[in-house]
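**Student:** If you want the building blocks of each chain, they are given just below.
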Amino acid sequence: MPEIDFTIDRQSGRLALHIKGIAGPACDNVAKLAKELLGEPGREQPTAEYHLRPQVRPQIRSQSGARGG
Amino acid sequence: MSKYLSFEAEIFANRRLLLAALADIGYADVEEGEALTLYGYQGDARADTAEIVVRRQHVGAASNDLGFRRTAAGYVPIISVFDQRTLLSGQLVVRLRTAYSERVVQEVQRRLHGTARRTVEGSVVKIRVRF
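From first to last, the protein sequence lines stand for chains E and Z.
Quick note, the first sequence lines up with residues 1 to 69 if you use this note's numbering.
Quick note, the second sequence lines up with residues 1001 to 1131 if you use this note's numbering.
Since the hints were made in silico from the structure, they are not lab data.
Note that the Cβ used here is the ideal one computed from N, Cα and C, for glycine as well.
Treat the hints with caution; some may be incorrect.
Selected chain Z positions facing chain E (in silico; Cβ < 10 Å) [said to hold, decoys possible]:
hint : residue
1    : Ser1002
2    : Arg1070
3    : Gly1074
4    : Arg1095
5    : Leu1096
6    : Ala1099
7    : Glu1102
8    : Arg1103
9    : Val1104
10   : Leu1112
11   : Ser1123
FRET-style restraints, in silico, Cβ to Cβ [unchecked claim]:
hint : chain 1 : residue 1 : chain 2 : residue 2 : range
12   : E       : Asp5      : Z       : Tyr1041   : 41 to 47 Å
13   : Z       : Tyr1041   : E       : Glu40     : 33 to 39 Å
14   : Z       : Thr1049   : E       : Ser12     : 24 to 30 Å
15   : Z       : Glu1121   : E       : Lys35     : 24 to 30 Å
16   : Z       : Thr1037   : E       : Lys35     : 28 to 34 Å
17   : E       : Glu44     : Z       : Thr1037   : 25 to 31 Å
18   : E       : Arg43     : Z       : His1113   : 23 to 29 Å
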């Protein structure tokens, strides 16, 4: 399940967030929403996960239950 | 599939969330307009203008107006050094920034139709939003 971990430091008021579990472009959409509300980040860093390609497996339906004959 | 962002600038990008954050820290009475004149603690007009103003009557007897000037990047606070040092025990900007951050998290949660789990560790608030 995709999630965002927000960390607010009440001593400085600084906010950091970590977007996790979202494929590349969708991750960028969430980052865009954060920037819309917070302005340009002081730091933006894709983590190792970011560069992973989403795995899409072709689904092959079995015809074992075919009727007729 | 993962990205880390940190925000440190003292700019408030969203007007509605800024107003909510101001109310959260006790400044619900604000004046809005174009290039409103800011006044000092003696009633003297200052050179600065702002689009969102908390008038000194709502701040404190010895305080100046608190202003927020609209820029392309968002609202920039115009707060005297005196007020920064004295209001809310010298924590005005930090408290406002924290309140704004909390509002941002609520807004993200709302827009993504997510659920939030909040934990506090000392001075650090951690909120996990799942969607």
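**Student:** Indicate, hint by hint, whether the structure satisfies it.
**Tutor:** Against the structure, the hints come out as follows:
| no. | hint | verdict |
| --- | --- | --- |
| 1 | Ser1002 | 4 Å, holds |
| 2 | Arg1070 | 13 Å, violated |
| 3 | Gly1074 | 5 Å, holds |
| 4 | Arg1095 | 7 Å, holds |
| 5 | Leu1096 | 7 Å, holds |
| 6 | Ala1099 | 8 Å, holds |
| 7 | Glu1102 | 7 Å, holds |
| 8 | Arg1103 | 9 Å, holds |
| 9 | Val1104 | 5 Å, holds |
| 10 | Leu1112 | 7 Å, holds |
| 11 | Ser1123 | 5 Å, holds |
| 12 | Asp5/E to Tyr1041/Z: 41 to 47 Å | 42 Å, holds |
| 13 | Tyr1041/Z to Glu40/E: 33 to 39 Å | 34 Å, holds |
| 14 | Thr1049/Z to Ser12/E: 24 to 30 Å | 29 Å, holds |
| 15 | Glu1121/Z to Lys35/E: 24 to 30 Å | 26 Å, holds |
| 16 | Thr1037/Z to Lys35/E: 28 to 34 Å | 32 Å, holds |
| 17 | Glu44/E to Thr1037/Z: 25 to 31 Å | 38 Å, violated |
| 18 | Arg43/E to His1113/Z: 23 to 29 Å | 28 Å, holds |
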